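Protein chains: 2
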Amino acid sequence: MTRPIDFYFDFSSPYGYLGSERIEALAARHGRVVEWHPILLGVVFKETGAMPLTQVPVKGDYSRRDFPRSAKFHGVDGFRMPSRFPIPTQAPARIVLWAKTHDPARVPAVVHALYRAFFNEDIDISNPDAAAAAAARTGADATAARAAIDDPSVKEALKAENERALAAGVFGSPFTIVDGEPFWGVDRFDQMDRWLATGGW
Amino acid sequence: MTRPIDFYFDFSSPYGYLGSERIEALAARHGRVVEWHPILLGVVFKETGAMPLTQVPVKGDYSRRDFPRSAKFHGVDGFRMPSRFPIPTQAPARIVLWAKTHDPARVPAVVHALYRAFFNEDIDISNPDAAAAAAARTGADATAARAAIDDPSVKEALKAENERALAAGVFGSPFTIVDGEPFWGVDRFDQMDRWLATGGW
Numbered sequence: 008m009t010r011p012i013d014f015y016f017d018f019s020s021p022y023g024y025l026g027s028e029r030i031e032a033l034a035a036r037h038g039r040v041v042e043w044h045p046i047l048l049g050v051v052f053k054e055t056g057a058m059p060l061t062q063v064p065v066k067g068d069y070s071r072r073d074f075p076r077s078a079k080f081h082g083v084d085g086f087r088m089p090s091r092f093p094i095p096t097q098a099p100a101r102i103v104l105w106a107k108t109h110d111p112a113r114v115p116a117v118v119h120a121l122y123r124a125f126f127n128e129d130i131d132i133s134n135p136d137a138a139a140a141a142a143a144r145t146g147a148d149a150t151a152a153r154a155a156i157d158d159p160s161v162k163e164a165l166k167a168e169n170e171r172a173l174a175a176g177v178f179g180s181p182f183t184i185v186d187g188e189p190f191w192g193v194d195r196f197d198q199m200d201r202w203l204a205t206g207g208w
Numbered sequence: 008m009t010r011p012i013d014f015y016f017d018f019s020s021p022y023g024y025l026g027s028e029r030i031e032a033l034a035a036r037h038g039r040v041v042e043w044h045p046i047l048l049g050v051v052f053k054e055t056g057a058m059p060l061t062q063v064p065v066k067g068d069y070s071r072r073d074f075p076r077s078a079k080f081h082g083v084d085g086f087r088m089p090s091r092f093p094i095p096t097q098a099p100a101r102i103v104l105w106a107k108t109h110d111p112a113r114v115p116a117v118v119h120a121l122y123r124a125f126f127n128e129d130i131d132i133s134n135p136d137a138a139a140a141a142a143a144r145t146g147a148d149a150t151a152a153r154a155a156i157d158d159p160s161v162k163e164a165l166k167a168e169n170e171r172a173l174a175a176g177v178f179g180s181p182f183t184i185v186d187g188e189p190f191w192g193v194d195r196f197d198q199m200d201r202w203l204a205t206g207g208w
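Chains R and D, in that order, give the protein sequences. So for the first sequence, my numbering puts the first residue at 8; every next one is plus one. So for the second sequence, my numbering puts the first residue at 8; every next one is plus one.
A few of these clues could be false.
Which copy? The list can't say, so a pair holds if one copy fits it or any two copies do.
[To be verified] Below, a list of computed lysine to aspartate or glutamate pairs in the DMTMM-like style, where the Cα atoms sit at most 20 Å apart:
{"id": "1", "residue 1": "Lys79", "residue 2": "Asp197"}
{"id": "2", "residue 1": "Lys53", "residue 2": "Asp68"}
{"id": "3", "residue 1": "Lys79", "residue 2": "Glu188"}
{"id": "4", "residue 1": "Lys166", "residue 2": "Glu128"}
{"id": "5", "residue 1": "Lys166", "residue 2": "Asp148"}
Read the hints as simulated data drawn from the structure, not as lab findings. From a predicted model like this one, the values you see are computed outputs, not experimental measurements.
Work the whole structure out from these sequences, hints included.
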């Protein structure tokens, strides 16, 4: 079996960022590739009644302590909590979906560039120009990336991505599906690793 | 430093059960002992607006899949989802608090006996007689354990335990505090292990 690993993430998710930095190496160890699925957590939260983690009483304070601690634990350097958080993520998500159609080889680099701009450099990638500029650092076409954010067909593609995520049972970020088996959170990566090694249990 | 590790748990929490089966070995590796804190998640959920995991749309279905998978991953044999779930846990929590005062050496055995009765044998430990009988398997005084459930001073002790947990920032189960550093979930045990080994980072 060499089906891709489906990696669902929201660009405003710190744990999604940590997962994005580790998922390719994990997949590669098992001869798999990553299918990147940018989604809007706000849409899926409507189904579960969840709210952004940092806004939950008590739990929010814990999460702000856990983000940098978990970054260090997972060996992800440079994590810095953005000054504006959470942010709407239509702009970066649409750029990735545009790249999946028009520049597929560059998708992983574009994901990393956008995530790192937000979580390392405190660049507000909810701003379309800032998101396009961050993506363009990878060599992607800045003008086309910027135009994609307002492109009705790309907007539709993001809606479809969210609907497929909901249909697949996705309710958080990161959320990874391996041959139909769902794993929520970067803290399930070790289970997923063993699952891939053993073919389940 | 040889301060005990504070382990907060609710007897109706599957991840609390998994944590209870692993915390002593983890603590012992670092020359620590475990201080057991039975709490009522319902009380702390009022602060955070949370609800029992299995009752959350979408996430609930995932959790029922993740419980047995995580049990196997953590090497905990015998996990079986109880037929009645969640349950109120005043009875087992009060027995543990009674034991902490009257039979302290037996506390870990009593915690394990109660948790295993519920999560291995599907015994409804919300029933005071069933909880006392499960505790008595360890050699604890069955009559005294049963009486403790209705003892006003033990009821007060549980209220005080919940209040201290809230004051300490506890919002889930298991929730472990190591020298002031909070770790939520059995999926933070590996971070806690490294934290103890390195003295933080």
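Verification of the supplied hints:
1. Lys79 to Asp197: both (16 Å within a copy, 13 Å between copies)
2. Lys53 to Asp68: The answer is between: 16 Å across copies meets 20 Å, while 23 Å in one copy does not.
3. Lys79 to Glu188: For Lys79 and Glu188, only the inter-copy Cα distance (15 Å) is at most 20 Å; the intra-copy one is 27 Å.
4. Lys166 to Glu128: For Lys166 and Glu128, the Cα distance exceeds 20 Å both inside one copy (28 Å) and across copies (46 Å).
5. Lys166 to Asp148: Neither. Shortest intra-copy (23 Å) and inter-copy (61 Å) distances fail the 20 Å Cα cut-off.
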